[in-house]
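Given the structure of chain H, go ahead and fit chains S, P and Z onto it with the hints provided.
There are 4 protein chains.
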Amino acid sequence: MSKINKVVLAYSGGLDTSVILKWLQDKYECEVVTFTADLGQGEEVEPARAKAKSLGIKEIYIEDLREEFARDYVFPMFRANAIYEGEYLLGTSIARPLIAKRLVEIANETGAEAVSHGATGKGNDQVRFELGAYALNPNIKVIAPWREWDLLSRQKLLDYAEQHGIPVEMKQGKKSPYSMDANLLHISYEGGILEDPWAEPEDSMWRWSVSPENAPDKPTYLELSYEKGDITAINGEAMSPATVMTYLNKVAGENGIGRLDIVENRYVGMKSRGCYETPAGTVMLKAHRAIESLTLDREVAHLKDELMPRYAKMIYNGYWWAPERVMLQKMIDESQQTVNGKVRIKLYKGNVSVVGRASETDSLFDESIATFEDDAGAYNQKDAEGFIKLNALRLKIAGKAKRKV
Amino acid sequence: MSKINKVVLAYSGGLDTSVILKWLQDKYECEVVTFTADLGQGEEVEPARAKAKSLGIKEIYIEDLREEFARDYVFPMFRANAIYEGEYLLGTSIARPLIAKRLVEIANETGAEAVSHGATGKGNDQVRFELGAYALNPNIKVIAPWREWDLLSRQKLLDYAEQHGIPVEMKQGKKSPYSMDANLLHISYEGGILEDPWAEPEDSMWRWSVSPENAPDKPTYLELSYEKGDITAINGEAMSPATVMTYLNKVAGENGIGRLDIVENRYVGMKSRGCYETPAGTVMLKAHRAIESLTLDREVAHLKDELMPRYAKMIYNGYWWAPERVMLQKMIDESQQTVNGKVRIKLYKGNVSVVGRASETDSLFDESIATFEDDAGAYNQKDAEGFIKLNALRLKIAGKAKRKV
Amino acid sequence: MSKINKVVLAYSGGLDTSVILKWLQDKYECEVVTFTADLGQGEEVEPARAKAKSLGIKEIYIEDLREEFARDYVFPMFRANAIYEGEYLLGTSIARPLIAKRLVEIANETGAEAVSHGATGKGNDQVRFELGAYALNPNIKVIAPWREWDLLSRQKLLDYAEQHGIPVEMKQGKKSPYSMDANLLHISYEGGILEDPWAEPEDSMWRWSVSPENAPDKPTYLELSYEKGDITAINGEAMSPATVMTYLNKVAGENGIGRLDIVENRYVGMKSRGCYETPAGTVMLKAHRAIESLTLDREVAHLKDELMPRYAKMIYNGYWWAPERVMLQKMIDESQQTVNGKVRIKLYKGNVSVVGRASETDSLFDESIATFEDDAGAYNQKDAEGFIKLNALRLKIAGKAKRKV
Amino acid sequence: MSKINKVVLAYSGGLDTSVILKWLQDKYECEVVTFTADLGQGEEVEPARAKAKSLGIKEIYIEDLREEFARDYVFPMFRANAIYEGEYLLGTSIARPLIAKRLVEIANETGAEAVSHGATGKGNDQVRFELGAYALNPNIKVIAPWREWDLLSRQKLLDYAEQHGIPVEMKQGKKSPYSMDANLLHISYEGGILEDPWAEPEDSMWRWSVSPENAPDKPTYLELSYEKGDITAINGEAMSPATVMTYLNKVAGENGIGRLDIVENRYVGMKSRGCYETPAGTVMLKAHRAIESLTLDREVAHLKDELMPRYAKMIYNGYWWAPERVMLQKMIDESQQTVNGKVRIKLYKGNVSVVGRASETDSLFDESIATFEDDAGAYNQKDAEGFIKLNALRLKIAGKAKRKV
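Chains as they are written, first to last, in full-length UniProt numbering: chain H, 1 to 405; chain S, 1 to 405; chain P, 1 to 405; chain Z, 1 to 405.
Here chain H stands alone, though its shape is the one from the complex (with noise of 0.2 angstroms):
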């Protein structure tokens, strides 16, 4: 354990990062810098500077990053169509690149030799936060506290808040029985009943959607503005992207949408069950590859598509400040030059459909090839026997050759 002076600390205000605050002055002897941001999660970031100052820190960063959040993270992963596992939006994996390029940034305005998080040694964030520290430093320490201590049960962090004289409010931690985290993105639920994969949550665990059930017994009706596969106005109204977001998760989880609960497998190894609520993101990715579906040609909406999973497991794992995300990342917003028109969706009851989609500037939709009706030789049928019959060439030469498939 080499000397470490000062470290900077992604410090929530809660008892688990209280706990760890004070942990670190005790272990390392070293100043600790907090770093708390307000990446949407809905609660006030501001009481953190009061906790902070009463546990002696000095240095105490408390920062609005939503919109950074929504604008360069949320929104260029929108536009691959991001999805982990066929289910999962990447709520949670998506905040951790922002939250450890502050860390190291903050570390570096400060001169400290490392950061520190209150990420367990079991999950997906440690691995997030740690290789975006050491992509951006590679020279930065990091310490991780749930892999060092030995406080592993609840109690023994009371009991070390007890004797620390870690202010009471703080030791009450959260009401829930589950795991959370927060931000713009989504809301996440983990541990206490859901580690059974069979039991049902109680609908009274979610917290940003109302139950289908609940819902209005009206449809909401939006329209969604995009340039270059961003969404820029709702209903004809110029929006910032955490405005965007915002109003989506309002409005949609009003109309019982983004809830999801399944069994993913974690980067280290394990699978486990998590529930998340998503209301604008599941708005997002639908509305999305409706315009997607009117202005991308065929083999690059495809390519996307085959490339997306990987894209996707990238984030998941934590490699979003690596050369191979950043390299995917060029790729598809060069793809989205063209994802430029509206999209007409309609929210009723946990459902989001798409009702219309329209480009001016870029519908590569040619109604007067693909109707039904006379096309004015737009098309020759004519064509299609040539297409088929090259197309089966190989297949007639292998069957000849008596091949069975």
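Everything labelled a hint here was simulated from the structure, so no lab data went into it.
One or more of the hints may lead you astray.
When chains are identical, the list treats them as one kind, so a pair holds in a single copy or across two.
No farther apart than 30 angstroms at their CA atoms in a straight line, the calculated lysine-lysine pairs in the DSSO-like style are these [said to hold, decoys possible]:
(1) K396 <-> K141
(2) K218 <-> K286
(3) K396 <-> K382
(4) K6 <-> K156
(5) K400 <-> K382
(6) K250 <-> K228
(7) K382 <-> K156
Okay, now just chains S, P and Z, sitting in the frame of chain H:
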């Protein structure tokens, strides 16, 4: 145009294929064998017999292929979680290879040199029929009247029917303004107002499902049992593949599930708008992913996910009988040996939710490792440090080489 | 057959395209513009001017495109390490997009409605010319005489030339029994005895290289300098792209390097036998992989490797001008930012060996880490245990679940 | 450190593993079982018996695994045309899974709880041994002395040997300045001057092949017979897999074939320089591609090519026994059903050239279609027009939409 003595026609009994039947007799002066299959389209096939007889046909094949279709085509395809372009469940695509196979087999049985179908020269179905036919019999001839004749408008078709004494009741054609196709997996709608991708179809278009608005206010729960990736029982009752699909179509359709409205890229090079109702398929995809999430190794699942778009494209484009599809299927089927267990789903007003998954024999979910509680040493958190350090090594070396990613 | 007033013909000056020229004048009663390009095929292009004039052509384009060809087509392709079917370096394929582009540009300049070429209906080149032309000008018309006319044997071609007064010296055609194509990247041979895939071509067929047997007994060493993935100097002397290729063709050809004899799969559905001489390309591929091995991140390299066959197929099949190729190229070019340095190679009797690679600015080879000797703590061997343990976790869980793989 | 009673050691009989043997006895106070395998490394394995005995070992396994190695590991891998990073034929990688398997089997037979090996903490081999062991027996323990002990220099190792009475003749170690590994597929060299990637190794380093300069002036021709993708006879003489490899190593090595000098990316995150001699493998890869070029469907071949880098990576990284490798192998093996026939090759001073390929039963080369001469209607050139037109359709539509690619 070489001499054809006998041709096998895929015959629905409707106006279009009755005109084709007559046109084949006149134009090619050949004998026509009709083949009519029940693939679960929901219309009686037996009436086609009388119609064929009235048009002078001697060899009439009318077959119930529902079980073969579900067992040997739909179920294998769902083992792959196949989706075309992120949305389409391939309902029409997967029926064509079976029809192509029977056309070729009947040609062999009856000594016909050719097969014929009623698909137009603009669509994918001609390709699927013909690639299948050529692959299965490289010497077969194919007659595609829509690419040959000049009956290119509805009125010309009706006039031809009139002139050639095709029975009146056939002339009515479908009441629907849409071009439709149906089988056990789906019903599709194209044409009419759908040719404008901004237009929302009226609710009366949909035939197999109620709207979410009109679905019951109480959810329906189902328990699906899986063996090697296939559903073998529902709510504990063993069912054949076609029975599974019929049952799920009914229950899911009643709950407003399975409607889809998309713009897709055809193999022949144009975009087209299609609406699809796939009640059973929508449930099957969601539930299959859920049982796989519990029983499939992570890397196997990821490899399947990365190859899925390509597999789906093969089926969409008509390459079911091509060796590359067969080769991929071997791999997919191999992966399903452990996909055994049960999934509990909830159906409610258009939503399919997975609320439980279990496998007595093949679960890879290890609660003792994944738990947030004390794991009694099942997992050593310190291992994560080395895992992260070595995964970060290349990123750190690049960082030291003054790389900017 | 719609009326054509003017057509731009890719004109070599040889018998075939001279007959095509005449046939276009007669059949279409249109004006013909000739376009003859020097792509490094090693034959004078200027004589084509007199021949064209003698056939009554007024607008004659003769251009030296060697630098453009090397810089904008060959070099970008080699950044991808492109190989078709494990062997073929795409020498013919990569020349077609440039010719297609110039044909379309000249059509625009001269007001021609159509372009024409001398490729047959069995090969890949027709596809490459025409896909390129249609992509660059969707309204262009294409005349492919070999698919239209009935001059399907050599004798008929000669008779036609005779009848139409095509000058005698053109009638000789090539002495070679092979169909050949050449440019800076390669010379190809097809037909003749090569149509038997068991037959070995006689040594006299090869034109650009000596046989390994006849190559010098002393090796030649070269040092190649790379900037952003392209060779910019040889043995310290700065060279333009075309000069690099000319130089390497000479030196590598003298050392017996670059002969290839394969059976390949054409896009039109058949297998064909081809022999290729690619002296410079063979060296360039080997050396480019070597500089990448030192300067490219592992995952970037692997992603490139996995996408390479698809990229090569796009070029082989004629999709250079398609958006999916352009999109992939963006990604590939992005990856080459760090591919700077030098490679030392040894050429000897058919062999290209890499004997050294270095990069002052971008090497990711860290001797202090890789060393078998004491690394002074640069790498902590204990990290490997955690790395292996977590990578093994899923395998162990599966093993415990009594899996047999 | 939990108590180990018995451990199975992969024992070469050399200094390093003799020291490990002793160290295991001392440190773990456990019984050691030695396992020494003949994988074709070209050294006697029987002497290891006396050495083990002299160190007090009671259970000594000495096995000739050459046929199993060639048949069940090398040959299946070559069906995939596996190459890592465009160059490396995986000679070391493919031997490790077999050793891991035997270690685990012997542990089961002898009641050992653990296995041990002499691979360092910096390399790939530790990963390959251990992933294999854990996959085959999730409860096995692994002891990796190089990651545990402090004998990190050569001198410390020699001192330890001295102190513990390890027989003198063992202390000599290899004369070579290189770290070497050999088996039927290859011999590898690392370390020494190779740690400078600009340095060319001296010719005396290479052991299995003469240099091209010293190879005979006359070429050697061979005819290789294939059944289901495997070589079963050479020059008409049936041979077992290990005999094939031994024979080809001799003949190809005599002709200067199979030397390789590369920088590669290790799974543990660093780049390393390696030199390899793979005479038989170099011939096998070239010839296998040739027989596939004649007998494999185009799309099957392309799918194999696109998946190959991933398959090679699995083997390189140590995942031979993982389900994803097994799944891919099923697909690859399926593809080889038709890979039957013969290939004629020419070996000359470092060059392997294919000069003929034939398959009586499975050739897909149809000369009547491919011919430049009159094909008697086997192929209708007019089909190409429709083929091109429909493949161009999306490009034309995009062009009309004023796209610039």
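Each hint, compared with the structure:
1. K396 <-> K141: Answer is between; shortest inter-copy Cα gap is 12 angstroms, intra-copy 63 angstroms.
2. K218 <-> K286: both (20 angstroms within a copy, 26 angstroms between copies)
3. K396 <-> K382: Both: 20 angstroms inside a chain and 18 angstroms across chains, each within 30 angstroms.
4. K6 <-> K156: within (26 angstroms within a copy, 38 angstroms between copies)
5. K400 <-> K382: both (26 angstroms within a copy, 22 angstroms between copies)
6. K250 <-> K228: Answer is within; shortest intra-copy Cα gap is 24 angstroms, inter-copy 41 angstroms.
7. K382 <-> K156: Between copies only: 19 angstroms across, 78 angstroms inside.
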